[in-house]
Structure formats: structure tokens, C-alpha cells
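Throw the hints in and build the complete structure from the sequences for me.
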Amino acid sequence: MQHLQRYQQLARLLWKYGRADVVVGIGMEDAIEGDESAPPHPGGASPEELADDLEAMGPTYIKLGQVLSSRPDLVPASYIAALSRLHDGVKPFPFEEVEEIVTRELGVRLSKAFSDFDEVPLAAASLGQVHAATLRDGRPVVVKVQRPAIEKQMAEDMEVLGEIAEWLDAHTDFGRRHRLQLIIEEFRLVLKQELDYELEANNLRTMANNLAGFKRLFVPQPIASYSTRRVLTMEHVRGRKLTALGPLTSLEMPGGELAEELFSAYLKQVLVDGLFHADPHPGNVFLTGDHRIALLDFGMVGTTTPEMQENLLKILIAVSEGKGEDAATVVISMSQVAEEFDETSLRRRIGELVIEQRDVALGRINVGRTLLEVSESAARDGLYVPSELTLLGKTLMQLDQIGKILDPQFDPNAAIRRNATEILAQRMRKQASQGSMLNSIIELRDFVTALPSRLNRIMDGVANSELELKVRAVDAGLVMEGLQKIANRIAAGVILAALIIGASLLMQVQTSFTLWGYPGLAILCFLAAAAGGFWLVIGIFIQDHKDRSNTPR
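Heads up: the sequence shown begins at 127 in this note's numbering, then just goes up one per residue.
Be a bit skeptical, because a hint or two may be false.
[Unchecked claim] Pairwise CB distance ranges, derived in the manner of DEER restraints:
# : residue 1 : residue 2 : range
1 : Ser-638   : Gln-669   : 36 to 44 Å
2 : Ala-171   : Lys-278   : 24 to 32 Å
3 : Leu-308   : Pro-173   : 22 to 30 Å
4 : Phe-300   : Ile-567   : 48 to 56 Å
5 : Gly-658   : Asp-299   : 46 to 54 Å
6 : Ser-513   : Ala-182   : 26 to 34 Å
7 : Phe-300   : Pro-173   : 16 to 24 Å
8 : Ser-204   : Arg-474   : 26 to 34 Å
9 : Glu-292   : Lys-530   : 36 to 44 Å
[Claimed, not checked] Straight line, CA to CA, 30 Å or less: simulated DSSO-like cross-link-like pairs of lysine-lysine:
#  : residue 1 : residue 2
10 : Lys-530   : Lys-367
11 : Lys-394   : Lys-318
12 : Lys-530   : Lys-596
13 : Lys-440   : Lys-394
14 : Lys-318   : Lys-367
Treat the hints as calculated values from the structure; they're not laboratory data. Glycine residues also receive a C-beta, built at the ideal position from the N, C-alpha and C atoms.
What follows is the structure, given as C-alpha cells:
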């Protein structure tokens, strides 16, 4: 009952955009019938209306729309274009609330902390908005302020979305295939990270350090004494969004070099550093006056382990070279397999997907979109790929858009192949760091120190005929139990056969003891054999039924 109003809003949204089956499934059709604002028939609404409806429902759903705008595996292309405006076209909140939040967070009046603070925001997003300001020492900065009371509202919204995802996972093929509960849980973690501006400040410092070798890239740094969990003050980037560049600017800037360096930097983030900017949509990328690329908004970052980096590099190279079989092998090895997994179907799907892309022309492959489609194919065939692969696909798809703006002739596949060797070298240098070398030296010392005593024990055992070789077979107990059952059944069968043969021979011996006119001892042997055979058959059927019931499916 606490979430009834939000359920009604979601039911109306689902009904409006053609998912009446979900509305009926969660038992909300009565609410739709009594709602005059709901459309009389499901479906028919335009994609642009969806963006407006999500914005009206609040920050959580605006952020959900932003995430969906970069997931072509979940949302049709027409909706992706409409939802893209939610990245930076959100209505701002009043300046009075901005002033109250900044004053409370910094513990000082706005006029004392800043010599100038622009009341009109530079941009407004789902979680906060950005204002231009000037510090007392004259430094120009931007101040990112979180929307008021947003954490509580998002916690309630995520609880509702989690309940609906749980129902969809339990009752629909779409939910089971995409594991919506897991997606919602990952979405919850992303929101939690983005609501912590102190974490974003740390991300800015880490990224600036990791990308120090890329001279054409710039990451603005936070002002620590002016930043808290809900307020982030950082250097002001003088430049323009890539989406706002005109034809003349495009001619003046070194677009090819910028695209190459940006792509190389992201490959390094993902495949070497293990921490990457996971939301590089064109609204978060600026071109500065000195023709450098400025990366903004590090609230959403992705992480990769060394093992995951190896697998992702193999997949990227395989896709960029059009090798579908290699890509399928790596995807299967790094993923979780469901009961209904169809490996043959998945290999065929991925092979066809990569071949189709290759036939288009190798230079026009969108690697990010291909990775997302690989994830979609894997889910359809019962394979659950790691979320890092989907996040990488989304990031590379956004990078492809940026690369086309900077240089329409930029080939991301060639960039992957050009950078593969350097990435491998960087990974080897990272693994050969001072710490890892010392670790290896310590382990080698321990091995060399213990080696003589171990060799002495082995040689003494050989000389005294005391050397034993123990083999531990997997499931040896089950194998022995099965062999014992087989031996018991064979022995019982031999005994029953002997009784039958013995009875047949005794039938030829006439005795005074008879049953039904036949020699009595022979008849008793026949009866014993019949009872034993019946018991053996029944026992076999009962045991086989138990074994089938206990076998995991």
C-alpha cells in the first residue's frame, strides 16, 4: 500500500507503451480501467512521449531512461534517439534550494565561500545541476549540486522496481532471459555511487593520474575544501560540447588524432588500469579552446579484474577481425551457463552476427553495438555474460559516436588492432612491477630453500621402498558404489539361474515328496527362483526410480 501510487504510475506507463501483459500479470488492470488519464488502448504512444513521462516521474526514472538510451539490446532504435535528450535536457530546480544545500554542506554562506555564483545553471541532469562560480582567490570553478531529498526518493523507487523485476523474472521469459533483478541491483549500485560526490572526486583524481600520458586529454580536478558528499566543486572547463560543434570547428581541429588518442585512452582504462569512465556520451565530452578533449562526469565508472581484462581483449580482437568462433569461445568461457544453454545455437548466432558485420565493411563495424548484440544472443540461448561485457559494449558504442563526430573516417576496429600490441606491453609492464617482482623473488627463495629437504625425503623413500603413490579419483565413492550394485545384481542373477538349472535336473529324479504331481524339491527350487527373480526386478525398478529423482537437473 505504501507504493500503490508509484505502482499505478508504472502500470499506466507500461499500458501506454504496449506492455498490457505485464500490467495484467501484476494485477493492476483495475487501476488502469479507473484512470481517466490512461489511454483507452495499450500502445500507440510516441518515443518522445516516453522521455516526457519518465521525466515527470522523477530523477530515478530519468536516470533509467538515460541507461536505456545506450542499450539497443533492450530498447528499439526510435526510443534510443528520443531518450538521449534526458542526458542534459532536464528541468533545473530553484536557486533557493541550491543556495540552501551549498550553505548546509560547506558550513558557510554562499557569499563567503564564492566571490561570484551564477544563479542560472550551466546544465541540469537527473541527479543534480551545475553552476558556474568563482572562488575568493579568483579561480573559475563549476559547482555540482545534488537535487534535494533525492536519496530517499530513489530508495523508494528502487524498491518498487525491484519488486516488479522479481515478478517479471519469475513469470516472463523476457525477465528470466535478461535477469532483470540483477540489472536492477546493478542499477541500484550505480545510483549509490553517483550520489556520492566524494567518490566522484576520487575518481577524477585517479583518472587524471591514469591518463597523464595522453597530452590531448584533460580531466578537471576537484577542489577538496569545497567538496562534500552532495556538493562537488571542480575546475571550470572552457569549451563546447562535441554535439554543439559547427562545421568550421570540425575543419580546424585535428579530429583524427583526437579520436585515436581518446580511443587509446579508453582501451588503456579498460584493459590495463581496470577503472574506466563508463558514461562517455557526447554530452560529457568537451572540446577545449586549445583543441583538447575534456572528460566530465565520473560518477559512473566501471571496473575490470586482470582475468576479465584478458578475456575482454580477446573478444575485442576477435570481433574487430571478424572471427566469430573465437569470440564465442571466449564468451562461453567467461560466462555463467543456465540449464537450457544451447551452445550450438549460440556459436551459430555469434558467427552469423560477426559475419554480417564483416560483410558490411570492416571499417564500419560498431564494436560496442556488436558486443551488446552478442550479450543479447547469449541471454537468448541461456548464457549469462558478465555485466562488465555489457558495460564495455555500451561504453564503446558511445565512443563510436564521439569518434564519428571528431573524424567521420575514424575506424575503431583498426584502432583496436593498432593498440593491441601496446596494451599487451603495458599489461606486462604492470605485472612486472616492483611489488610483483618482490613477491616472485620471495616465493622463489622459499622454493629453493625447501627444495633440498624435499628431495632428500623423496630419495630416502625410494631407497627404503617406502615411496607410495596415492591417486584420488573424482567421485570414486560413487563409482565404487555403482560397481558394487552391478556385481550384486550379476551374482543374484547367477544364483537364480543355478536354481532354475538345478530344478530342471531334479525334475528327472522321482521322489516320494511331490507337489502338484511333480518332484517336491524341484518345485521348491522353481518357486524360490521365481520369487528371487520377481524381487530382483522390483528392486531394480525402485532403485532406478530413486536415482532419477535424486539426479540434479
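Hint check results:
{"no.": "1", "hint": "Ser-638 <-> Gln-669: 36 to 44 Å", "verdict": "43 Å, holds"}
{"no.": "2", "hint": "Ala-171 <-> Lys-278: 24 to 32 Å", "verdict": "30 Å, holds"}
{"no.": "3", "hint": "Leu-308 <-> Pro-173: 22 to 30 Å", "verdict": "26 Å, holds"}
{"no.": "4", "hint": "Phe-300 <-> Ile-567: 48 to 56 Å", "verdict": "54 Å, holds"}
{"no.": "5", "hint": "Gly-658 <-> Asp-299: 46 to 54 Å", "verdict": "52 Å, holds"}
{"no.": "6", "hint": "Ser-513 <-> Ala-182: 26 to 34 Å", "verdict": "29 Å, holds"}
{"no.": "7", "hint": "Phe-300 <-> Pro-173: 16 to 24 Å", "verdict": "19 Å, holds"}
{"no.": "8", "hint": "Ser-204 <-> Arg-474: 26 to 34 Å", "verdict": "29 Å, holds"}
{"no.": "9", "hint": "Glu-292 <-> Lys-530: 36 to 44 Å", "verdict": "40 Å, holds"}
{"no.": "10", "hint": "Lys-530 <-> Lys-367", "verdict": "14 Å, holds"}
{"no.": "11", "hint": "Lys-394 <-> Lys-318", "verdict": "26 Å, holds"}
{"no.": "12", "hint": "Lys-530 <-> Lys-596", "verdict": "63 Å, violated"}
{"no.": "13", "hint": "Lys-440 <-> Lys-394", "verdict": "14 Å, holds"}
{"no.": "14", "hint": "Lys-318 <-> Lys-367", "verdict": "27 Å, holds"}
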